[in-house]
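Novice: Sequence:
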Amino acid sequence: MSKDELKDNYKEKIQNEESPFMKNILEAELKHKLELLELGIENI
23 MSKDELKDNY KEKIQNEESP FMKNILEAEL KHKLELLELG IENI
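At position 25 of the sequence shown the residue is numbered 47 (my numbering), and the sequence of numbers has no breaks.
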């Protein structure tokens, strides 16, 4: 999965989430997965 695909998937999840707490979790999860992709760990 590319960075753009990952961002698009999470963007939709974050927009559909009503809870601010869950939005923060999803944003942190996205950031973490993007960092893993940059390190070359792609099996996420």
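Hint data in this document are derived by calculation from the structure and do not stem from the laboratory.
Hints may contain errors.
Unchecked claim - With a straight-line cut-off of 35 Å between C-alpha atoms, the simulated DSBU-like cross-links for lysine-lysine are:
| hint | residue 1 | residue 2 |
| --- | --- | --- |
| 1 | K25 | K45 |
| 2 | K45 | K55 |
| 3 | K53 | K25 |
| 4 | K33 | K45 |
| 5 | K55 | K25 |
| 6 | K45 | K29 |
| 7 | K55 | K33 |
| 8 | K53 | K29 |
| 9 | K33 | K53 |
| 10 | K55 | K29 |
| 11 | K55 | K35 |
| 12 | K53 | K35 |
| 13 | K35 | K45 |
| 14 | K35 | K25 |
Novice: Does each hint hold? Answer for all of them.
Specialist: Quick rundown of the hints versus the structure:
1. Restraint check: the Cα-Cα separation between K25 and K45 comes to about 19 Å, which is no more than 35 Å; the hinted pair holds.
2. Between K45 and K55 the alpha-carbon distance is near 15 Å, which keeps this suggested pair within the 35 Å criterion.
3. At most 35 Å may separate the alpha-carbon atoms for a hinted pair to count; K53 and K25 meet this at roughly 10 Å.
4. Pair hint K33 plus K45 holds up; C-alpha atoms about 10 Å apart against a cutoff of 35 Å.
5. Straight-line distance between C-alpha atoms of K55 and K25 comes to about 9 Å, which keeps the hinted pair within the 35 Å bound.
6. For the hint linking K45 to K29, the alpha-carbon distance of about 14 Å falls within 35 Å, and the restraint holds.
7. Among the hinted pairs, K55 with K33 is consistent with the structure: their alpha-carbon atoms are about 13 Å apart, no more than 35 Å.
8. With a C-alpha separation of about 9 Å, the suggested pair K53 and K29 falls inside the 35 Å cut-off, and the hint holds.
9. A C-alpha spacing of about 12 Å is found between K33 and K53, which places the hinted pair at or below 35 Å, so the restraint holds.
10. At most 35 Å may separate the alpha-carbon atoms for a hinted pair to count; K55 and K29 meet this at roughly 10 Å.
11. Note on K55 and K35: the hinted pairing holds, with a Cα-Cα distance of about 15 Å set against a maximum of 35 Å.
12. This hinted pair checks out: K53 and K35 have alpha carbons roughly 14 Å apart, not beyond 35 Å.
13. Note on K35 and K45: the hinted pairing holds, with a Cα-Cα distance of about 8 Å set against a maximum of 35 Å.
14. Among the hinted pairs, K35 with K25 is consistent with the structure: their alpha-carbon atoms are about 15 Å apart, no more than 35 Å.
Checked against the numbered hints above, the structure breaks none of them.
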